[in-house]
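Chemist: Each chain, written out:
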Amino acid sequence: MTSGNPGVQPDPREPAGAPGVERGSKMLGSRAVLVSSASTMLFFAVIAVVVVLAPGSEVVAERFFSPFHLWQSTVGTPSTPSVVGAFLLNVKIFAVSEVLILTLALVIAVVRQIPGPVFFPFRMVALAYTDLFRGVPLILVLYMIGFGVPGLGLEFISYLPDVTYGIIALVLVYSAYVAEVYRAGIESVHESQNAAARSLGLTRWQSLRFVILPQAVRRVIPPLLNDFIGLQKDTALVSVLGSIEAVRAAQIYGASQFNYASYVVAALLFVLITIPLARFTDRLISRDKRRREAGAVA
Amino acid sequence: MKRALLIGFLVASLMLAGCTGQQGSGGSQEGGSGSGNSCDIKSPPLFKEGVLTVATDKPAYPPWFEGNPEHYSGYEGEVASEVAERMDLPIEWVVEPFNKSYAPGAKDYDFDINQITITPEREQAVDFSEGYFDNAQGVLVLKDSPFADAQSISNLKDARMGAQVGTTGLEFINETVQPNEEPKVFETTNDAKSALESGQIDAMVTDLVTTVYLRDFEIDNSVVVGQYPRNEQFGMLFEQGNPLVGCVNQVLGKMKEDGTLQELEKKYLQQYLSVPTLEK
Amino acid sequence: MNGPTLTLENVHKSFGENEVLKGIDLVVEPHEVVCLIGASGSGKSTLLKCVNLVEPIDSGRIVVEGEEITAKGVDANRVRRRIGIVFQAFNLFPHMTVLRNITLAPREVLEMDRQAAEKRALGLLERFGLLDKRDEYPDRLSGGQQQRVAIVRALAMRPGVMLFDEVTSALDPELVAEVLSVIKELADEGMTMLIATHEMGFARDIASRVCFLDEGKILEQAPPERIFTSPENPRTRQFLQRIIAAGRL
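Chains as they are written, first to last, in our numbering: chain A, 10 to 307; chain B, 117 to 396; chain C, 137 to 385.
Derived by calculation from the structure, the hints in this document are not laboratory data. Possibly wrong hints are sitting among the right ones.
Here are the computed distance ranges between Cβ atoms for each label pair [to be verified]:
| id | chain 1 | residue 1 | chain 2 | residue 2 | range |
| --- | --- | --- | --- | --- | --- |
| 1 | A | W214 | C | E361 | 47 to 57 Å |
| 2 | B | P178 | A | I148 | 37 to 47 Å |
| 3 | B | N347 | A | L163 | 29 to 39 Å |
| 4 | A | A137 | C | K158 | 38 to 48 Å |
| 5 | B | N296 | A | E164 | 23 to 33 Å |
| 6 | A | L277 | B | A222 | 45 to 55 Å |
| 7 | B | N215 | A | L277 | 18 to 28 Å |
| 8 | A | A137 | C | G259 | 44 to 54 Å |
| 9 | C | E145 | A | P126 | 21 to 31 Å |
| 10 | B | K164 | A | L293 | 30 to 40 Å |
| 11 | A | L293 | B | P175 | 45 to 55 Å |
Every beta carbon over 10 Å from chain A, so not counted as near; a handful from chain B, in silico [unchecked claim]:
| id | residue |
| --- | --- |
| 12 | L162 |
| 13 | T235 |
| 14 | S261 |
| 15 | L286 |
| 16 | L389 |
| 17 | E395 |
Straight line, CA to CA, 25 Å or less: simulated BS3-like cross-link-like pairs of lysine-lysine [what the hints assert, rightly or not]:
| id | chain 1 | residue 1 | chain 2 | residue 2 |
| --- | --- | --- | --- | --- |
| 18 | C | K185 | C | K158 |
| 19 | B | K164 | B | K216 |
| 20 | C | K269 | C | K255 |
| 21 | A | K298 | C | K255 |
| 22 | A | K242 | B | K216 |
| 23 | C | K208 | C | K185 |
Every residue, glycine too, gets a C-beta built ideally from N, C-alpha and C.
Please model the entire structure based on the sequences and the hints provided.
Modeler: Set out below in structure tokens:
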């Protein structure tokens with residue numbers, strides 16, 4: 010037994026005889042906690058001192074962190090929109106896009122792997138789609154859809170709000186990436202799962218729907234979240250089509266006041282929505298990992 | 117949790133520094149804008165010895181800038197060149213994106229000339245020369261637009277308006293026009309132009325001269341509905357506390373006195389200024 | 137029903153260049169328990185996978201309960217409902233509870249409603265002493281428990297014949313017995329079974345007939361008393377000697 014805490018019972022859910030990292034660090038005493046806290050504080054204190062003592066620090070502080078400008082950019086002025094208010098547009102774009110992306114990407118991924126010669130054209134279309142939209146940079150797609158489609162003058166399609174075109178562009182591009190993530194997940198589910206499902210009489214679609222896809226999706230939660238997080242930032246690009254979202258609002262304030270505090274506010278907002286998502290995903294991953302390590306694979 | 121506290125501590129200490137920084141704005145250097153006293157025109161403080169380094173954005177548009185980027189002509193190009201000549205210095209052009217022009221820290225040039233409007237808020241962060249051009253806002257629409265024969269601001273209330281980010285055009289829209297629909301803001305004049313041409317916006321606002329230039333050379337079937345002066349002046353942008361402002365102001369003052377500035381205006385901008393004024 | 141439950145006629149199966157089944161002839165009558173023994177690579181697993189149409193055969197016929205399942209146009213999904221198979225790696229669905237693992241196929245394939253499917257599942261779980269595990273996920277079960285659940289999952293479809301592919305080979309020795317006793321129970325109830333196994337003692341105990349498979353051919357088949365004590369084929373003898381020497385018989 011290691012030194013430290015003799016009274017701690019091993020976690021019954023850990024397989025016996027497999028000292029995990031978590032279990033190891035649980036066994037560390039309060040001394041280690043003290044040392045790590047002290048070293049962390051020292052680390053940040055050193056950085057703080059270096060920054061504060063730098064020659065330009067006063068000006069940088071005023072230009073980036075001035076409380077007056079932080080506040081003013083948050084609430085807005087008669088001639089500059091509020092960064093926080095504009096951020097709601099980012100959230101809206103992100104929420105709508107993500108749902109559409111998760112759906113469209115799943116369709117593409119499934120179509121990619123339907124076996125059988127009769128489905129060849131569908132597989133080819135799905136393949137071409139992912140190649141095309143992973144190849145073209147998002148900003149170009151935004152321009153082509155956001156300025157091109159309205160320019161065509163087609164009934165209804167050319168008269169949508171620019172945010173809609175922005176969402177369409179985001180969905181088209183991100184679905185290509187996410188489809189590949191799904192595909193990796195599907196292929197990572199061991200063939201024996203499919204064999205077991207088919208052996209029970211389930212059809213190929215039933216096996217896909219009840220057995221393969223639920224496992225595939227759980228497995229790719231980290232890369233899915235990564236794309237999610239990237240999407241949150243890319244919502245800012247929709248501003249190219251004219252609507253004012255958080256980064257654009259920051260830019261407007263910045264140009265008007267010659268101050269960058271608005272960018273700090275925008276950055277903070279982006280960080281704030283990323284963190285809970287990341288923690289939630291960590292939980293999902295560890296829960297799924299436990300389940301997955303049941304004796305399934307030969 | 118501790119990590120969050122420490123980051124908060126770091127930010128708070130920087131904000132505190134920011135507070136004190138604001139009260140003593142201008143830092144340790146002397147010399148405010150406008151005073152000509154502390155600059156010796158015989159040996160002015162220059163970024164690079166013996167040369168006047170002038171910055172502008174890329175791409176640089178006519179009629180503000182024309183010709184070879186090594187020796188710009190055009191209105192702003194020639195104003196700057198004239199200043200250099202009168203200071204007995206060769207001119208060297210460099211590129212500075214607008215968004216960076218107001219960043220803190222030392223500048224890599226003597227001044228930036230780029231249709232930048234002088235405002236009191238901006239003067240908290242940089243120093244401006246005296247104005248070298250009185251700017252008005254221009255409103256551009258397509259000929260077949262319902263707003264093509266608008267004569268007053270109130271005629272534009274229902275228009276979907278657009279402006280380039282960082283210009284006073286947006287302020288004009290928000291403060292003066294106050295349209296019913298939220299205006300659109302674009303990264304570049306080009307994007308605003310595309311939006312106008314594809315029908316995403318009804319009217320585009322930018323500085324008068326550029327508006328007319330677009331009408332005459334870039335957008336077919338467009339019309340400038342009118343201009344709206346707002347008591348705005350373009351000024352050259354200097355690092356805060358740079359004594360060179362004094363020298364440049366001296367020279368500018370002379371150029372106004374002896375009519376050089378007016379001549380340049382006539383040469384490059386005359387054709388872009390005769391546009392009816394919008395009523396309120 | 138009359139006639140054999142399962143018939144294999146001259147079944148050949150190759151994987152690429154490698155011919156794994158070289159003409160298998162086998163008949164399993166109703167209620168028979170036939171054990172397949174033989175070295176690894178002899179073709180036992182492949183044989184079973186061909187029976188439940190997981191692997192297509194290259195030539196020959198397989199007839200299940202009177203229907204030629206290898207004929208053209210046969211709906212494989214329908215056939216597989218009637219054949220239960222349990223694998224060496226238990227292959228439970230890790231994202232579902234035990235109960236859901238068992239009720240999935242009855243509900244989706246047999247279109248039973250939820251209550252009926254659960255009733256059947258719970259009955260089976262209770263019979264095999266696993267009722268308290270019904271809401272657990274497979275990762276919380278021991279290997280032996282998982283394998284027993286896998287058997288129950290297959291039974292829930294009420295198959296006409298059960299195939300077992302080395303189902304205890306992946307288990308810790310102390311867990312083997314509980315699984316074997318389940319299979320024995322099924323045998324006692326009259327389930328027709330085809331079992332590939334290394335467990336010779338078990339085969340001797342439970343089988344109506346033992347088939348020795350060697351390099352893709354059935355070299356010998358006989359009731360267990362005869363094949364274990366006086367095998368006719370020299371290769372059978374060789375194989376059994378090695379088994380005995382390893383202390384596994």
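Chemist: Give a verdict on every hint.
Modeler: Verification of the supplied hints:
no. : hint                        : verdict
1   : W214/A x E361/C: 47 to 57 Å : holds (48 Å)
2   : P178/B x I148/A: 37 to 47 Å : violated (27 Å)
3   : N347/B x L163/A: 29 to 39 Å : violated (44 Å)
4   : A137/A x K158/C: 38 to 48 Å : holds (45 Å)
5   : N296/B x E164/A: 23 to 33 Å : holds (25 Å)
6   : L277/A x A222/B: 45 to 55 Å : violated (28 Å)
7   : N215/B x L277/A: 18 to 28 Å : holds (19 Å)
8   : A137/A x G259/C: 44 to 54 Å : holds (52 Å)
9   : E145/C x P126/A: 21 to 31 Å : holds (30 Å)
10  : K164/B x L293/A: 30 to 40 Å : violated (58 Å)
11  : L293/A x P175/B: 45 to 55 Å : holds (48 Å)
12  : L162                        : holds (21 Å)
13  : T235                        : violated (8 Å)
14  : S261                        : holds (15 Å)
15  : L286                        : violated (6 Å)
16  : L389                        : holds (25 Å)
17  : E395                        : holds (22 Å)
18  : K185/C x K158/C             : holds (15 Å)
19  : K164/B x K216/B             : holds (20 Å)
20  : K269/C x K255/C             : holds (15 Å)
21  : K298/A x K255/C             : violated (31 Å)
22  : K242/A x K216/B             : holds (21 Å)
23  : K208/C x K185/C             : holds (18 Å)
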